[in-house]
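Novice: Each chain is listed here by its residues.
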Amino acid sequence: MRQADDRLKALFALDEPPARDTVFSTAVMEQVMRQRLREEVALLCAVSVVAAGVLWLVWPTLQPALVAVSQWMAPAVGAIAVAFCATMFLGGRHGPGLGLAS
Amino acid sequence: MSPASLDEVLVAAAQGGSAEAFSRLVERHQQALRAFLRRACGDWAMADDLAQETLMAAWSRIGRLKAGASVRAWLCGIGYNKHLTAVRSAGRERVRGAAYEADRQAALDAAPEDKIALDKAMSGLPSEQRACVALCLAADFSHAEAAEALDMPLGTVKSHVSRGRARLLQALGVCDEAS
Numbered sequence: 001m002r003q004a005d006d007r008l009k010a011l012f013a014l015d016e017p018p019a020r021d022t023v024f025s026t027a028v029m030e031q032v033m034r035q036r037l038r039e040e041v042a043l044l045c046a047v048s049v050v051a052a053g054v055l056w057l058v059w060p061t062l063q064p065a066l067v068a069v070s071q072w073m074a075p076a077v078g079a080i081a082v083a084f085c086a087t088m089f090l091g092g093r094h095g096p097g098l099g100l101a102s
Numbered sequence: 103m104s105p106a107s108l109d110e111v112l113v114a115a116a117q118g119g120s121a122e123a124f125s126r127l128v129e130r131h132q133q134a135l136r137a138f139l140r141r142a143c144g145d146w147a148m149a150d151d152l153a154q155e156t157l158m159a160a161w162s163r164i165g166r167l168k169a170g171a172s173v174r175a176w177l178c179g180i181g182y183n184k185h186l187t188a189v190r191s192a193g194r195e196r197v198r199g200a201a202y203e204a205d206r207q208a209a210l211d212a213a214p215e216d217k218i219a220l221d222k223a224m225s226g227l228p229s230e231q232r233a234c235v236a237l238c239l240a241a242d243f244s245h246a247e248a249a250e251a252l253d254m255p256l257g258t259v260k261s262h263v264s265r266g267r268a269r270l271l272q273a274l275g276v277c278d279e280a281s
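First to last, the protein sequences are chains A and B.
First residue of the first sequence? That's 1 in the numbering used here, and the numbers climb one at a time after it.
First residue of the second sequence? That's 103 in the numbering used here, and the numbers climb one at a time after it.
These are calculated hints, taken from the structure and not from any lab test.
It cannot be assumed that every hint is accurate.
[Unchecked claim] Simulated pairs of lysine-lysine, DSS-like, Cα-Cα distance not exceeding 30 Å:
no., chain 1, residue 1, chain 2, residue 2
1, A, Lys9, B, Lys217
2, B, Lys222, B, Lys260
3, B, Lys217, B, Lys184
4, B, Lys260, B, Lys168
5, A, Lys9, B, Lys260
6, A, Lys9, B, Lys222
7, B, Lys222, B, Lys184
8, A, Lys9, B, Lys184
9, B, Lys168, B, Lys217
10, B, Lys184, B, Lys168
11, B, Lys260, B, Lys217
Could you build all of it, start to finish, from the sequences and the hints given here?
Specialist: See below:
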């Protein structure tokens, strides 16, 4: 029985592909990466469409609120922007002296 | 690290989205999967197409693979279902062609007469029996592992293997005391 099975196994072994086949493995991984890219693009498109739809729906409510908030926040945002620019400028030239060393 | 535990680590990483881990799983199991499909369908070109489709499907479904499950059996199970679907759909378009068939012909030319007789006998077996023989006699799967991979009852697998083995040995002219 053992001999017969060994003979069968030896004959079946002639069908074995190589243990390492980089051409095959690379082809599979190429397909996998393509599929992944397609899925990511599809997801991004879906999210964009949904976001655009939601924005379109809430825009009549959102627009007056945004105008009101922007008028109220304009000086604060301007001050923050100036402070940020100053920090970046001084941080680059006098950073170590001001304790802003990276 | 044992092969099974390395598989577990790679599966966990692939389930977390690591394509590199999946690539290592492909490298580790492509041989077993392709050999099984070559024996199950008898057409090397088709077998390699199916193996590629199987691995693509495996990437999509890797999240469903339970911890500790045999990756080899899982892949062969997916491959077997792909094979059955391909057999059912007539006129299947072939991606690979002459080059693979030439490889196979070269292998057959170099093979002893016994191999040709074995291939002929294998092609005469019913599809389920052939898959059981390919896993249990050629690839050292246990009956239980083959039953899990092919989604068949254990008793059915045992009887397929026993009948298939008897027919193959008969085709080879081997007298077996056990049969």
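Novice: Is Lys9 (chain A) close enough to Lys217 (chain B), meaning Cα to Cα at most 30 Å?
Specialist: With Cα atoms ~11 Å apart, Lys9 (chain A) and Lys217 (chain B) stay inside 30 Å; holds.
Novice: Below or equal to 30 Å on CA atoms is what counts here, so check Lys168 (chain B) against Lys217 (chain B).
Specialist: Given that 30 Å is the threshold and the Cα spacing comes to 38 Å, the pair is violated.
Novice: Starting from Lys9 (chain A), check that the Cα of Lys222 (chain B) is at most 30 Å away, please.
Specialist: Holds. Lys9 (chain A) to Lys222 (chain B) sits at ~16 Å (cutoff 30 Å).
Novice: Do the alpha carbons of Lys9 (chain A) and Lys260 (chain B) lie within 30 Å of each other, as the hint requires?
Specialist: The given pair, whose Cα atoms are some 18 Å apart, holds under the 30 Å limit.
Novice: Checking one constraint from the list: CA of Lys260 (chain B) to CA of Lys168 (chain B), max 30 Å. Satisfied?
Specialist: holds (25 Å)
Novice: Would you check the hint for Lys9 (chain A) and Lys184 (chain B), treating anything up to 30 Å between C-alpha atoms as holding?
Specialist: holds (25 Å)
Novice: Against the 30 Å threshold, does the CA-CA distance of Lys217 (chain B) and Lys184 (chain B) hold or violate the hint?
Specialist: holds (26 Å)
Novice: Is the Cα-Cα distance between Lys184 (chain B) and Lys168 (chain B) 30 Å or less?
Specialist: This hinted pair holds, its Cα atoms lying about 21 Å apart.
Novice: Please work out if Lys222 (chain B) and Lys260 (chain B) have their alpha carbons no farther apart than 30 Å.
Specialist: holds (22 Å)
Novice: Verify the proposed pairing of Lys222 (chain B) with Lys184 (chain B), using a straight-line Cα cut of 30 Å.
Specialist: Cα-Cα ~23 Å, so holds.
Novice: Would the pair Lys260 (chain B) and Lys217 (chain B) pass a check requiring their Cα atoms to be no farther apart than 30 Å?
Specialist: Status holds; Cα separation ~24 Å.
Checked against the numbered hints given earlier, the structure breaks only hint 9 and satisfies all the rest.
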